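Student: Spelled out from the first residue to the last, the chains are:
Number of protein chains: 2
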Amino acid sequence: METLSVIKIGGNIIDNEASLSSFLKSFASTPGKKILVHGGGKLATKLASQLEIPQQLVDGRRITDADTLKVVTMVYAGYINKNIVARLQSHGCNSIGLCGADGNAIQAHKRNHPNVDYGFVGDIDIINVPLFKNLLSQDISIVMAPITHDKNGQLLNTNADTIAQEIAKGLAAHYDVSLIYSFEKAGVLLDANDNETVIRFLTPGYYSELKDKNLVFAGMLPKLDNAFVALDSGVTKVIIGQADQLEQLIAGNQGTTIINE
Amino acid sequence: METLSVIKIGGNIIDNEASLSSFLKSFASTPGKKILVHGGGKLATKLASQLEIPQQLVDGRRITDADTLKVVTMVYAGYINKNIVARLQSHGCNSIGLCGADGNAIQAHKRNHPNVDYGFVGDIDIINVPLFKNLLSQDISIVMAPITHDKNGQLLNTNADTIAQEIAKGLAAHYDVSLIYSFEKAGVLLDANDNETVIRFLTPGYYSELKDKNLVFAGMLPKLDNAFVALDSGVTKVIIGQADQLEQLIAGNQGTTIINE
Numbered sequence: 001m002e003t004l005s006v007i008k009i010g011g012n013i014i015d016n017e018a019s020l021s022s023f024l025k026s027f028a029s030t031p032g033k034k035i036l037v038h039g040g041g042k043l044a045t046k047l048a049s050q051l052e053i054p055q056q057l058v059d060g061r062r063i064t065d066a067d068t069l070k071v072v073t074m075v076y077a078g079y080i081n082k083n084i085v086a087r088l089q090s091h092g093c094n095s096i097g098l099c100g101a102d103g104n105a106i107q108a109h110k111r112n113h114p115n116v117d118y119g120f121v122g123d124i125d126i127i128n129v130p131l132f133k134n135l136l137s138q139d140i141s142i143v144m145a146p147i148t149h150d151k152n153g154q155l156l157n158t159n160a161d162t163i164a165q166e167i168a169k170g171l172a173a174h175y176d177v178s179l180i181y182s183f184e185k186a187g188v189l190l191d192a193n194d195n196e197t198v199i200r201f202l203t204p205g206y207y208s209e210l211k212d213k214n215l216v217f218a219g220m221l222p223k224l225d226n227a228f229v230a231l232d233s234g235v236t237k238v239i240i241g242q243a244d245q246l247e248q249l250i251a252g253n254q255g256t257t258i259i260n261e
Numbered sequence: 001m002e003t004l005s006v007i008k009i010g011g012n013i014i015d016n017e018a019s020l021s022s023f024l025k026s027f028a029s030t031p032g033k034k035i036l037v038h039g040g041g042k043l044a045t046k047l048a049s050q051l052e053i054p055q056q057l058v059d060g061r062r063i064t065d066a067d068t069l070k071v072v073t074m075v076y077a078g079y080i081n082k083n084i085v086a087r088l089q090s091h092g093c094n095s096i097g098l099c100g101a102d103g104n105a106i107q108a109h110k111r112n113h114p115n116v117d118y119g120f121v122g123d124i125d126i127i128n129v130p131l132f133k134n135l136l137s138q139d140i141s142i143v144m145a146p147i148t149h150d151k152n153g154q155l156l157n158t159n160a161d162t163i164a165q166e167i168a169k170g171l172a173a174h175y176d177v178s179l180i181y182s183f184e185k186a187g188v189l190l191d192a193n194d195n196e197t198v199i200r201f202l203t204p205g206y207y208s209e210l211k212d213k214n215l216v217f218a219g220m221l222p223k224l225d226n227a228f229v230a231l232d233s234g235v236t237k238v239i240i241g242q243a244d245q246l247e248q249l250i251a252g253n254q255g256t257t258i259i260n261e
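Residue numbers (UniProt numbering), protein chains in the order written: chain A, 1 to 261; chain B, 1 to 261.
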């Protein structure tokens, strides 16, 4: 099977011009089929503040009211997405920027939570596999903004980590998929403040062992649990590491590579 | 040859929720291949004003400085484009929203004017015909935002009328193309204030006659001159008329149909 890299970049990379520039050059020169999923960064928060749209957080999650949805649609699907695509084109990497509504790429439903109304937040129902395959077969890379839709005309703000995971899982039957979470840290760290303590390989057995000994930073647990779910769904490997080491991450020479035994 | 409708909607339609809603329903039910090109409307001006970005006009044209480019990218390629796509999906019309950078759909260069620096305004160089053909062949309608790129990483603000015309011309060798300019008036009018005076058919001979007699509203002259250029480039017909009469416009039962003798 052909290889496919599904690469998520975090907001900290988008906010830092030098990091973004270096990442986009590496992404453009990455061989094989590839999909970039980007988060939002501080731009949406800044624009909401300039427009005096109050931002409400519950348990660290942003509540997406109608005005906030407008802001994130403008910033994520407009400004960030189109600038990334234009810059990839300048590096000779033909790419197309999509949100979930485009070509019905990702259909979702408004989150239905018993206690919290998250507003216009989407939980993913289905990935349009034929659309992704068709674009990739034309050697077009896909740049995905973290906005989906419900097929009833409603756009929905959707977690970019989850989008990357669902795309990787959805395409795992058709490609040899590596799912790469790139951010500002060197990988999964034994000491969150020391990039030298990166765990190079993580198997389910080793992960259980680390969890039993309370050696995994709590904030990483959901990401890692999701990584093993992705592997169980056919994704070949999940790699977590620093955005400016993309080439080495894909080669498995840097970062944390998560694999089933 | 298969038919293709390239339909431009003006800003007045986008600003009016009832007009837009009615138009999108008609667009969704229009048979054959179709491309929607949308302008901006008042939203970009409003956002620029909220963000205190001064807007400079020269001869009625907006100067696009870096901040204004950011605003129009957010509003045109983000908010308007993605909402139109989501709403078309809700009507069962599979569509994909693009700007010129996406898939290198439309390459342009920054306008080089001897006297006026228009800023980040693009004049079109080339339409990516294979990309448009591929998407249309999958029965995906294309929703085009009036933003292009220069292939060197720079997005450019570009006139939506011109985009519609260049797409129509570029695809004329492959489809039987109707180019439709839909706006709030009933067509080309002998009396600009009276929708009853619509000219139903306009040929080059009749157009010369009307021009000689000063019977064409000056503001319409560039649009009509462009329409005849499009016809000379292989576009089958150009239709100008009211957005809420889309079906009748395409059928040639309403509006002004411009044809070569």
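Honestly, the hints are just simulated from the structure, not real lab data.
For clarity, every value in this text was computed on a predicted model and none was experimentally measured.
Please note that a few of the clues may not be correct.
Remember, identical chains collapse to one label, so a pair may be satisfied in a single copy or spanning two.
Capping the alpha-carbon separation at 27 Å, the derived lysine-lysine pairs in BS3-like fashion look like this [as the list claims (entries may be wrong)]:
| id | residue 1 | residue 2 |
| --- | --- | --- |
| 1 | 25 | 110 |
| 2 | 151 | 25 |
| 3 | 42 | 213 |
| 4 | 237 | 110 |
| 5 | 42 | 133 |
| 6 | 211 | 46 |
| 7 | 133 | 151 |
| 8 | 211 | 223 |
| 9 | 211 | 237 |
Student: Take the hints in turn and mark each one as holding or not.
Tutor: We went through each hint and held it up to the structure:
Taking the closest pair of Cα atoms, residue 25 and residue 110 come within 27 Å of each other only across two copies (24 Å); inside a single copy the shortest separation is 36 Å, beyond that limit. Taking CA atoms no more than 27 Å apart as the test, residue 151 paired with residue 25 passes between copies only; the shortest distance there is 15 Å, against 35 Å inside one copy. Proximity of residue 42 to residue 213 under the C-alpha cut-off of 27 Å is found in neither arrangement, the shortest distances being 35 Å within a copy and 59 Å between copies. With identical chains, the CA atoms of residue 237 and residue 110 are never at most 27 Å apart, being 30 Å at best within one copy and 43 Å at best between copies.
When the C-alpha separation of residue 42 and residue 133 is checked against a cutoff of 27 Å, the pair qualifies neither within a copy, at 32 Å, nor between copies, at 38 Å. In this assembly of identical chains, the alpha carbons of residue 211 and residue 46 never lie at most 27 Å apart, being 37 Å within a copy and 52 Å across copies at closest. In the homo-oligomer, the alpha carbons of residue 133 and residue 151 lie at most 27 Å apart both inside one protomer (21 Å) and across protomers (25 Å), since each shortest distance falls under that limit. Taking CA atoms no more than 27 Å apart as the test, residue 211 paired with residue 223 passes inside one copy only; the shortest distance there is 13 Å, against 68 Å between copies.
Proximity of residue 211 and residue 237 under a CA criterion of 27 Å is satisfied intra-copy only: 20 Å inside one chain copy versus 69 Å between copies.
Going down the numbered hints, you'll see the structure goes against 3, 4, 5 and 6, while the others check out.
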